[in-house]
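K.L.:
Residues per chain are reported as follows:
Protein chains: 2
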Amino acid sequence: MKTLVIISHPEIMESGSQQYLLSSIPENKDITVHHLESIYPDFNIDVKKEQNLLKEYDRIVFQFPFYWYSAPALLKKWQDDVLADGFAYGKKGKALVGKEFGLVISIGVRKEEYQPGGREGFSIDELMKPFQAMALKTGMEFLKMLPIFQFSYLTENQKMNLLIRYQQYLTREKEDSLAVREKWFIEELKSTDSSKLNDGNQFVLNQAIEFIEENRDTIDELKIVLDQMN
Amino acid sequence: MKTLVIISHPEIMESGSQQYLLSSIPENKDITVHHLESIYPDFNIDVKKEQNLLKEYDRIVFQFPFYWYSAPALLKKWQDDVLADGFAYGKKGKALVGKEFGLVISIGVRKEEYQPGGREGFSIDELMKPFQAMALKTGMEFLKMLPIFQFSYLTENQKMNLLIRYQQYLTREKEDSLAVREKWFIEELKSTDSSKLNDGNQFVLNQAIEFIEENRDTIDELKIVLDQMN
Chain W
1139 MKTLVIISHP EIMESGSQQY LLSSIPENKD ITVHHLESIY PDFNIDVKKE
1189 QNLLKEYDRI VFQFPFYWYS APALLKKWQD DVLADGFAYG KKGKALVGKE
1239 FGLVISIGVR KEEYQPGGRE GFSIDELMKP FQAMALKTGM EFLKMLPIFQ
1289 FSYLTENQKM NLLIRYQQYL TREKEDSLAV REKWFIEELK STDSSKLNDG
1339 NQFVLNQAIE FIEENRDTID ELKIVLDQMN
Chain G
1139 MKTLVIISHP EIMESGSQQY LLSSIPENKD ITVHHLESIY PDFNIDVKKE
1189 QNLLKEYDRI VFQFPFYWYS APALLKKWQD DVLADGFAYG KKGKALVGKE
1239 FGLVISIGVR KEEYQPGGRE GFSIDELMKP FQAMALKTGM EFLKMLPIFQ
1289 FSYLTENQKM NLLIRYQQYL TREKEDSLAV REKWFIEELK STDSSKLNDG
1339 NQFVLNQAIE FIEENRDTID ELKIVLDQMN
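Taken in sequence, the protein lines are chains W and G. Heads up: the first sequence runs through residues 1139 to 1368, numbered per this note's numbering. Heads up: the second sequence runs through residues 1139 to 1368, numbered per this note's numbering.
Treat each hint with caution, since some may be false.
Same chains, same label: a pair holds when it works inside one copy or across any pair of copies.
Once the Cα atoms are required to be at most 30 angstroms apart in a straight line, the calculated DSS-like pairs of lysine-lysine come out as [stated by the list, open to error]: (1) 1282 / 1267; (2) 1297 / 1275; (3) 1249 / 1282; (4) 1321 / 1267; (5) 1237 / 1321; (6) 1334 / 1193; (7) 1267 / 1361; (8) 1361 / 1282; (9) 1187 / 1321; (10) 1230 / 1193; (11) 1229 / 1249; (12) 1328 / 1229.
Note that these hints are calculated values from the structure, not bench results. This one's a predicted model, so the numbers in the text were calculated from it and none came from an experiment.
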């Protein structure tokens, strides 16, 4: 699966959360990071080039800081220009049909404020409806969002957790079954560069992989037995 | 009451609805039209100038065509730049508190599609939550919106009706009482240039004003009687 991460952030070098997320993206994976403000600082978007780029990917992710309850202006310009009639919608506009669409949003205010009675008054789900409508119109499947609230207040542990969720968000097949989650973890563990671990950690890593695979075999066998009983 | 109409439309000269609405704005009223694409074609917004402009008005109206379930990109840039911390929100950001905020949105698809099961899937109310949240954050009072569906399919009568609603949207005091609506109509009728009417129409115009004023007097007298009876 190939994933295109379209980032819009006018001050990405100064953003702790963006730098942290970016540093974790593995280079050997089918992930392309596409930072709009670096490519189009003057807001003149190369529409044909962007449209051709989109066609190559299975999952499109918009990643941005929450500016006035939406994306920064350049991502809106990108939408207005690139997602044209005849390409993204309309009778001949089928280029995005069947792709997956995700949102990674960094938010400076705590989650509790995004509800009736809270300082922001509306939930993230409510505020993101325009993007959900965009996915509907273009025939893309809307994925569960990954909102990141107050990154700078996260503990080291919470940040590590976020990294795993982020990597999964970009790379893991959509299905949420235990089998898919296991498969993803095993692949991640196997691709870990074990030459950088000491002997003890190498042993733990291999044991972990073995345990997960053995459990999976047992579960699969039990399922066959159950099927035969029906 | 002074009203600032901030229009964002990349092709305003080609837009039938925008030209129709603009042609109706009376010059002697406290209305300023501010078309962003004419002033900032390169997306470089003069923040100080815009902030000073905003301070002069009681009612701020965003007027735009619906692009991807929101405003065109330049209006988003305007929001991102002009509505800064310390001006529009935050501890010292009280510049917009108490003003009124309105939305005039022209929409190419018919209203029925904006609901669950319709082609667009979501209502205009749902899709406009980010603007409602902006009004909340900046302390502005959110006015009922004026969405215009499929302008080009309207009959001449419907267009005339729209013009009256639009003029009221820009100029009428918020209160929806019969007295306020009457007052607005009488002022509009009185400011009609009667030299351009023939004698018959002049007579009708004057009669209309007299009737409304007489009715108002009768109603007011009845109210006094009722008050005395209590």
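K.L.:
Now tell me, hint by hint, if it's right for this structure.
P.N.:
Hints, verified against the model:
1. Taking CA atoms no more than 30 angstroms apart as the test, residue 1282 paired with residue 1267 passes in both settings, with 13 angstroms inside one copy and 20 angstroms between copies.
2. Only between protomers do residue 1297 and residue 1275 lie at most 30 angstroms apart by alpha-carbon distance; the minimum there is 29 angstroms, versus 34 angstroms within a single protomer.
3. Taking CA atoms no more than 30 angstroms apart as the test, residue 1249 paired with residue 1282 passes in both settings, with 16 angstroms inside one copy and 28 angstroms between copies.
4. For the homomeric pair residue 1321 and residue 1267, neither the shortest alpha-carbon distance inside one copy (32 angstroms) nor that between copies (39 angstroms) is at most 30 angstroms.
5. Taking the closest pair of Cα atoms, residue 1237 and residue 1321 come within 30 angstroms of each other only inside a single copy of the chain (22 angstroms); across copies the shortest separation is 56 angstroms, beyond that limit.
6. Taking the closest pair of Cα atoms, residue 1334 and residue 1193 never come within 30 angstroms of each other, the shortest separation being 37 angstroms inside a single copy and 61 angstroms across copies.
7. Taking CA atoms no more than 30 angstroms apart as the test, residue 1267 paired with residue 1361 passes in neither setting, with 40 angstroms inside one copy and 47 angstroms between copies.
8. For the identical chains of this complex, residue 1361 and residue 1282 are intra-copy neighbours only, at 29 angstroms inside a copy versus 58 angstroms across copies, given an alpha-carbon limit of 30 angstroms.
9. When the C-alpha separation of residue 1187 and residue 1321 is checked against a cutoff of 30 angstroms, the pair qualifies neither within a copy, at 35 angstroms, nor between copies, at 57 angstroms.
10. In this assembly of identical chains, residue 1230 and residue 1193 lie within 30 angstroms of each other by CA distance solely inside one copy; the values are 15 angstroms within and 47 angstroms between copies.
11. Taking the closest pair of Cα atoms, residue 1229 and residue 1249 come within 30 angstroms of each other only across two copies (20 angstroms); inside a single copy the shortest separation is 40 angstroms, beyond that limit.
12. Taking identical chains as interchangeable, the C-alpha atoms of residue 1328 and residue 1229 are never at most 30 angstroms apart, the minima being 45 angstroms within one chain and 51 angstroms between chains.
Violated hints, in rising order: 4, 6, 7, 9 and 12; the structure is consistent with all others.
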